[in-house]
Amino acid sequence: MHREIESNVRCYVPLVVSIGPFHRGKPELQLMEKYKELLAIQFADQDSTKERPEGVLPWLSTNSVTIDVLYEKVKNIMPNVGECYDDELIKEYSHEEFAQMVLLDGCFIL
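Numbering of the sequence shown is given in the working numbering, commencing with residue 122 and proceeding in unit increments.
Hint data in this document are derived by calculation from the structure and do not stem from the laboratory. Check before you lean on any hint, since a few could be wrong.
[As the list claims (entries may be wrong)] With a Cα cut of at most 30 Å, we get these calculated DSS-like pairs of lysine-lysine: (1) K147 / K196; (2) K147 / K194; (3) K212 / K147; (4) K212 / K196; (5) K196 / K155; (6) K212 / K155; (7) K194 / K155; (8) K194 / K212.
[What the hints assert, rightly or not] So the derived label-pair ranges between C-beta atoms look like this: (9) E209 / E158: 24 to 30 Å; (10) L210 / E127: 19 to 25 Å; (11) E154 / P200: 23 to 29 Å; (12) L231 / Q151: 31 to 37 Å; (13) E127 / V190: 22 to 28 Å; (14) S128 / N197: 39 to 45 Å.
For clarity, every value in this text was computed on a predicted model and none was experimentally measured. Beta carbons: idealized from backbone N, C-alpha and C, even for Gly.
Could you put the whole structure together from the sequences, leaning on the hints where they help?
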């Protein structure tokens, strides 16, 4: 794999934020974990009824949902998500922990 080549290591090691289970839990990346929680709440609480400035994402209509509804949707797709990872990599996470990570990381990316 490319990440195993010594000269490529710096290309695969995050400096600010971890996405997914590979680097989760590293002390130097923990500061962003609190921001992920805040951003997930903001993402879920976006009000689609607010008027946007003219020309700002006119094609995008959203239906606001609570963080609980988003979390339930994530939990429903977890069997499929789990298939994308090696069992050895995710075995240390409970189903709840893994679903929470997916929710927070997904909201952070979006």
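Hint-by-hint comparison with the structure:
1. K147 / K196: holds (25 Å)
2. K147 / K194: holds (28 Å)
3. K212 / K147: Holds, because 17 Å separates the two Cα atoms, which is no more than 30 Å.
4. K212 / K196: holds (17 Å)
5. K196 / K155: Holds, at about 21 Å.
6. K212 / K155: Holds - the C-alpha atoms of K155 and K212 are around 24 Å apart, at most 30 Å.
7. K194 / K155: holds (22 Å)
8. K194 / K212: Roughly 22 Å separates the two Cα atoms, so the pair holds.
9. E209 / E158: 24 to 30 Å: The hinted range 24 to 30 Å holds for E209 and E158, with Cβ atoms some 27 Å apart.
10. L210 / E127: 19 to 25 Å: holds (22 Å)
11. E154 / P200: 23 to 29 Å: holds (25 Å)
12. L231 / Q151: 31 to 37 Å: Once the Cβ atoms are compared, 21 Å apart, the range 31 to 37 Å for Q151 and L231 is violated.
13. E127 / V190: 22 to 28 Å: Since E127 and V190 have Cβ atoms about 45 Å apart, the given range 22 to 28 Å is violated.
14. S128 / N197: 39 to 45 Å: Taking Cβ atoms as reference, S128 and N197 lie about 41 Å apart, which means the hint holds.
Checked against the numbered hints listed earlier, the structure breaks hints 12 and 13; every other hint is satisfied.
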